[in-house]
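J.: Listed here are the chains, written in short residue letters.
Protein chains: 2
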Amino acid sequence: MPKSKSYKLVAEPADLPPEADQAHRFEKARTAQATALLEDYAELISDLIGTEGEARPTDIARRLGVSHATAIKSIARLKREGLATSKLYRGVFLTPAGEMLARRARARHRLVVDLLVAVGVPQEAAEVDAEGIEHHVSDETLRAFATYLGRA
Amino acid sequence: MPKSKSYKLVAEPADLPPEADQAHRFEKARTAQATALLEDYAELISDLIGTEGEARPTDIARRLGVSHATAIKSIARLKREGLATSKLYRGVFLTPAGEMLARRARARHRLVVDLLVAVGVPQEAAEVDAEGIEHHVSDETLRAFATYLGRA
DNA sequence: TTCGATTTGTAGCCTCGGCTACAATTAGGC
DNA sequence: GCCTAATTGTAGCCGAGGCTACAAATCGAA
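So the protein lines, in turn, are chains H and F.
Sequence positions in the first sequence follow the working numbering and run 1450 to 1601.
Sequence positions in the second sequence follow the working numbering and run 1450 to 1601.
Worth flagging that the hints you see were computed from the coordinates, not collected in a lab.
Any given hint could be a false lead.
As the list makes no split between identical chains, a pair holds if one copy fits it or if it spans any two.
[As the list claims (entries may be wrong)] No farther apart than 20 Å at their CA atoms in a straight line, the calculated lysine to aspartate or glutamate pairs in the EDC-like style are these:
1) K1477 x E1488
2) K1536 x E1576
3) K1522 x E1476
4) K1477 x E1576
5) K1528 x D1563
6) K1522 x D1508
7) K1536 x E1589
8) K1477 x E1573
9) K1528 x E1548
10) K1536 x D1563
11) K1477 x E1548
Given these sequences and hints, build the entire structure.
T.: What follows is the structure, encoded as structure tokens:
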């Protein structure tokens, strides 16, 4: 059944079938989800090193609410991706790439919380929701948030 | 399923160590992610039935940008969860529960897009980001959005 | 009606991110 | 210094959600 012709308001890649646009959005959301966990770990490891002096797997696990085995497995993934390093039975450290990821994740997190609060979301709800939202906020949207908050 | 907080596998804050709060937030984000796919499917199926008269697996797959096999497998999960029905080689339909989920997902999606646009995010970026964000917006935050947009 | 193209479904494989159970190592109390 | 407790790491299981390849059913045209 041929559907009626739609029109696009946005240029980008010339003339794709209309549903490709939608598919592209879902794909974006999926890839964002794939990096979400890495961002959470990087941010947390950075925090722990800053406040505790070191980032130990059990602390990471407790903070994230997962078993230590899960945390260690995820840390292994961070290492595979070149974001962290660690030696056997020693703490975890971030590579420069990991630090950068953590810094950007933290900045994004704060901006999202502040934006939510600014539009009237209660602080606690903002903190909770931001945890899931932050990974899906594009740079463009982030800039708009900063502008809205008067930090352009 | 709705994110009812009536049953709690996780204790409330206040009488817990400080890091439990953080763990609780991460857990919320994880469970939200678990229902995200179901919401996307329900919303899309509802849309397709509305605009095309039927929801066929291949159309669903194309819109979501996944293989038809993946779509069919996910549809099977929707059926397991009591959100959809289908007979062999026939289209997919939503149960009342599925319809409800779709309706709420769509309303939330629109509210998120509108809120983003209202704070200055370009339309196209808002559409893209909302796809990932919508699943992590709590009812409380949603109400704040509605109030902000003057639709309280 | 028959036959090929399309659609739908099945089988099997992969990675990821949970988990428990168990093993190895380190750290602390005595 | 030694022995126990805590920590760290490993193995193996599970389900979710991707994929390809193949099989079965339906549709449509000749």
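J.: If a hint holds in the structure, say so; if it doesn't, say that too.
T.: Here's how the hints hold up against the structure:
1. Proximity of K1477 to E1488 under the C-alpha cut-off of 20 Å is found in both arrangements, the shortest distances being 16 Å within a copy and 16 Å between copies.
2. Taking the closest pair of Cα atoms, K1536 and E1576 never come within 20 Å of each other, the shortest separation being 33 Å inside a single copy and 43 Å across copies.
3. Taking the shortest Cα distances, K1522 and E1476 sit within 20 Å of each other only across copies (18 Å), while inside one copy they are farther apart (25 Å).
4. In the homo-oligomer, the alpha carbons of K1477 and E1576 lie at most 20 Å apart only across protomers (11 Å), although the nearest pairing inside one protomer, at 24 Å, exceeds that limit.
5. Taking CA atoms no more than 20 Å apart as the test, K1528 paired with D1563 passes in neither setting, with 32 Å inside one copy and 39 Å between copies.
6. For the identical chains of this complex, K1522 and D1508 are intra-copy neighbours only, at 14 Å inside a copy versus 37 Å across copies, given an alpha-carbon limit of 20 Å.
7. Taking the shortest Cα distances, K1536 and E1589 never come within 20 Å of each other, neither inside one copy (38 Å) nor across copies (44 Å).
8. In this assembly of identical chains, K1477 and E1573 lie within 20 Å of each other by CA distance solely across copies; the values are 13 Å between and 28 Å within a copy.
9. In this homomeric assembly, K1528 and E1548 come within 20 Å of each other (Cα to Cα) only inside a single copy, at 13 Å, whereas the closest approach across copies is 43 Å.
10. Taking identical chains as interchangeable, the C-alpha atoms of K1536 and D1563 are never at most 20 Å apart, the minima being 37 Å within one chain and 48 Å between chains.
11. Proximity of K1477 and E1548 under a CA criterion of 20 Å is satisfied in neither setting, with 24 Å inside one chain copy and 25 Å between copies.
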